[in-house]
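Peer 1: Taken in order, these protein sequences are the chains called A and B.
The first sequence: position 375 = 375 (this note's numbering), numbered continuously.
The second sequence: position 52 = 52 (this note's numbering), numbered continuously.
Simulated from the structure, these hints should not be mistaken for lab results.
Here the structure is a predicted model, which means the values were calculated and not measured.
We treat Cβ as the ideally placed atom computed from N, Cα and C, and that holds for glycine.
Some clues are possibly wrong.
Residues from chain B shown here face chain A by an in silico Cβ test under 8 angstroms; the list is partial [unchecked claim]:
1) LEU34
2) MET36
3) MET38
4) TYR58
5) PHE68
6) LEU71
7) VAL73
8) ALA76
Result set (SDA-like, lysine to any residue): computed pairs, CA atoms no more than 20 angstroms apart in a straight line [as the list claims (entries may be wrong)]:
9) B:LYS62 / A:SER18
10) B:LYS62 / A:HIS226
11) A:LYS225 / B:THR8
12) A:LYS225 / B:THR57
13) B:LYS62 / A:LYS169
14) A:LYS214 / B:ASP60
15) A:LYS169 / B:ALA87
16) A:LYS13 / B:ILE61
17) A:LYS50 / A:ILE121
18) B:LYS62 / A:ILE121
19) A:LYS169 / B:ARG90
20) B:LYS62 / A:LEU217
21) A:LYS214 / B:VAL80
22) A:LYS214 / A:GLY85
23) B:LYS62 / A:LEU501
24) B:LYS62 / A:THR215
25) A:LYS214 / A:ALA235
26) B:LYS62 / A:ALA87
27) A:LYS50 / A:GLU348
28) A:LYS50 / A:ARG510
29) A:LYS225 / B:ARG92
30) A:LYS81 / A:ALA59
31) B:LYS62 / A:ILE15
32) A:LYS214 / A:GLU86
33) A:LYS169 / B:ARG91
34) B:LYS62 / A:LYS50
35) A:LYS13 / B:THR57
36) A:LYS169 / B:ARG92
37) A:LYS225 / B:LEU13
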Amino acid sequence: MHLLLSPMQQTDKLISPSVNWGSLTPLLVLLGAGLVLLVGAALSARGWAKGLYATLTAAAAVAAGVLQFVLWNSTVHHGPKSLVGEALVVDGPSLFIGISICAALLLAALVTDDYLRREDIDSPEVYGLYLMAALGGLVMAASNDLIVLFLGLEVLSIALYVLAASHRKRIESQEAGLKYFILGGFSSAFFLYGVALVYGATGTTRLRGPESIKTALALTVETDKHRALLVVGVALLLVGLAFKVAAVPFHSWTPDVYQGAPTPVTGFMASAAKAAAFGALLRSVVLSMPELRDDWRPAIWVLAILTLVIGSTLAVVQTNVKRMLAYSSISHAGFILVGIEAAAHGGESGDRGIASVLFYVLTYAVLVSGTFAVSTLVGRSGDGAHGLDSYRGLGRQRPVLALALAVFLLAQAGVPLTSGFVAKFSVITAAADASSYAIAIIAMLAAVIGAFLYLRIIVSMFLEDGDAEGERVSIPFGTGAAIGISVAFTLVVGFFPGWLLELARDAATRLY
Amino acid sequence: MIAAADVTPTWYLLLAAALFAIGCTGVLVRRNPLVMFMCIELMLNAVNLSFVAFSRTYLDIKGQTTVFFVLVVAAAEVVVGLGIVVAILRRRPSANADDIAELKG
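Input sequences plus hints: build the corresponding full structure.
Peer 2: Here you go:
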């Protein structure tokens, strides 16, 4: 603590923390693949063979996912642990969210390959940015220090700003990039100010473990010495993270950015970025500041209710499908916040809340990736056909594709025998277990209002006649595979949810 | 040494809060993307100032090292932001946030 007073004593011996490289391998794989892609593509004169970039990205995503399963196994046997001088942790929630991010990365890589060919853009940078964004997301979900969390957040966000603006031929894409950049930078500044105030109140930025915010709060919350500073700091942290998860009233960027960004990137944003931000919210506030829960739980409650109601109702009045899906992703964030609110109660029902959040994040990541994969195909070359009328007659033109989209939309609406139903059910039961009945009832009502939107798209696909001038939707192999994987996952988890629920419950209890 | 008043870290914290508020207002009211970037930078640097001030109160080096991380992040952010603005300026003569409004609904 007195490093400033005695700089001379510190210089002769430098204690470096133990790194534990083995547990860092998922991050290293993503980083390595990203660097190989960027450097390799820059050095080769004619670029690599088409499809190789996406293959490498997909392989890295699978490898990182498999490595996280291996780490999961060792967590089960040896317990959770911390890495790099307690800056990162390997525990249940971090691995679960990490696997969700890797799944999103795999699906995004498959869809993007066909998309870039169709739009005639040749850029390995897109895959490099995907890998870096996923790396940032993994760091966020595994961070045990607010500064590390901030760095992960920025690595994720900066990569996403570029990705949103990456379609150089569409002015909408650049506009989306600019809007996302300004509001993202704005929210990061709020988050960082929150970090500074929490540091000022507790003297540390470490979240859990010895000499951390959690232990400091357990000691000083009675004395109330820096109470005001702490509460303002936590409020600013929540504002920053609420921007990232697109919770109302911090959602205003979402529809524009989702609509303007290249559609595969939108899918990646809705899945990976949301998963990472919820992982960060769990880790930074819910798990590390339980002593302060009476101060921040009402804020989460209000955010959840506003997000549910406004997300669901505004989705209904949209005519652009990407905007509809943006508002639907806002209302899904509301459902996850219901789970966070349940997790905030602590104890046994809190664990159930964490498990429901993890389950929701994984199933939603797959679902929304699949939905935007279909939307990518329907957008046709130019990525512009996203009006509701572009979906008209899809059921007759491409019955399998329309059926796949119908599965995704029904799952998002929460129809039984799909993963979306199980996810909504587990979130709402967690809220009811925690005696948050009001929020559970509002969540159910929001699900009903939201269902209208999904049915509107389905009706448009199957019951309305197609427009004759529309270019026929083509289904390339990679995107088809991504949609197939997502449909299979959605239905398998819908029919047999037990194993995944068990896994999520297991993850929620294995905390560092 | 200072005759009038003893300058404590609290003064710096108040200054930082004021700078943060100025930056925040700037992002909300100014319409030029470049000025908006500058305001975001002002917010980040206000945070840096409070990190250093807290670091001084605790006599703890961690707050000061954090500033380096924030500086690097801010630099990376500006590179990306200016890149996007240049990409937009190539297509449009003026970069005004109100003109960039293709997306709405």
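Peer 1: All the hints need checking, so say for each whether the structure fits it.
Peer 2: Taking the hints in turn, this is what the structure says about them:
no.: 1; hint: LEU34; result: 11 angstroms, violated
no.: 2; hint: MET36; result: 5 angstroms, holds
no.: 3; hint: MET38; result: 11 angstroms, violated
no.: 4; hint: TYR58; result: 5 angstroms, holds
no.: 5; hint: PHE68; result: 10 angstroms, violated
no.: 6; hint: LEU71; result: 12 angstroms, violated
no.: 7; hint: VAL73; result: 5 angstroms, holds
no.: 8; hint: ALA76; result: 6 angstroms, holds
no.: 9; hint: B:LYS62 / A:SER18; result: 19 angstroms, holds
no.: 10; hint: B:LYS62 / A:HIS226; result: 19 angstroms, holds
no.: 11; hint: A:LYS225 / B:THR8; result: 18 angstroms, holds
no.: 12; hint: A:LYS225 / B:THR57; result: 14 angstroms, holds
no.: 13; hint: B:LYS62 / A:LYS169; result: 45 angstroms, violated
no.: 14; hint: A:LYS214 / B:ASP60; result: 19 angstroms, holds
no.: 15; hint: A:LYS169 / B:ALA87; result: 10 angstroms, holds
no.: 16; hint: A:LYS13 / B:ILE61; result: 16 angstroms, holds
no.: 17; hint: A:LYS50 / A:ILE121; result: 11 angstroms, holds
no.: 18; hint: B:LYS62 / A:ILE121; result: 44 angstroms, violated
no.: 19; hint: A:LYS169 / B:ARG90; result: 12 angstroms, holds
no.: 20; hint: B:LYS62 / A:LEU217; result: 19 angstroms, holds
no.: 21; hint: A:LYS214 / B:VAL80; result: 35 angstroms, violated
no.: 22; hint: A:LYS214 / A:GLY85; result: 17 angstroms, holds
no.: 23; hint: B:LYS62 / A:LEU501; result: 40 angstroms, violated
no.: 24; hint: B:LYS62 / A:THR215; result: 18 angstroms, holds
no.: 25; hint: A:LYS214 / A:ALA235; result: 17 angstroms, holds
no.: 26; hint: B:LYS62 / A:ALA87; result: 13 angstroms, holds
no.: 27; hint: A:LYS50 / A:GLU348; result: 51 angstroms, violated
no.: 28; hint: A:LYS50 / A:ARG510; result: 42 angstroms, violated
no.: 29; hint: A:LYS225 / B:ARG92; result: 54 angstroms, violated
no.: 30; hint: A:LYS81 / A:ALA59; result: 27 angstroms, violated
no.: 31; hint: B:LYS62 / A:ILE15; result: 15 angstroms, holds
no.: 32; hint: A:LYS214 / A:GLU86; result: 14 angstroms, holds
no.: 33; hint: A:LYS169 / B:ARG91; result: 10 angstroms, holds
no.: 34; hint: B:LYS62 / A:LYS50; result: 47 angstroms, violated
no.: 35; hint: A:LYS13 / B:THR57; result: 26 angstroms, violated
no.: 36; hint: A:LYS169 / B:ARG92; result: 14 angstroms, holds
no.: 37; hint: A:LYS225 / B:LEU13; result: 17 angstroms, holds
In this structure, the earlier hints numbered 1, 3, 5, 6, 13, 18, 21, 23, 27, 28, 29, 30, 34, 35 are contradicted, and the remaining ones agree with it.
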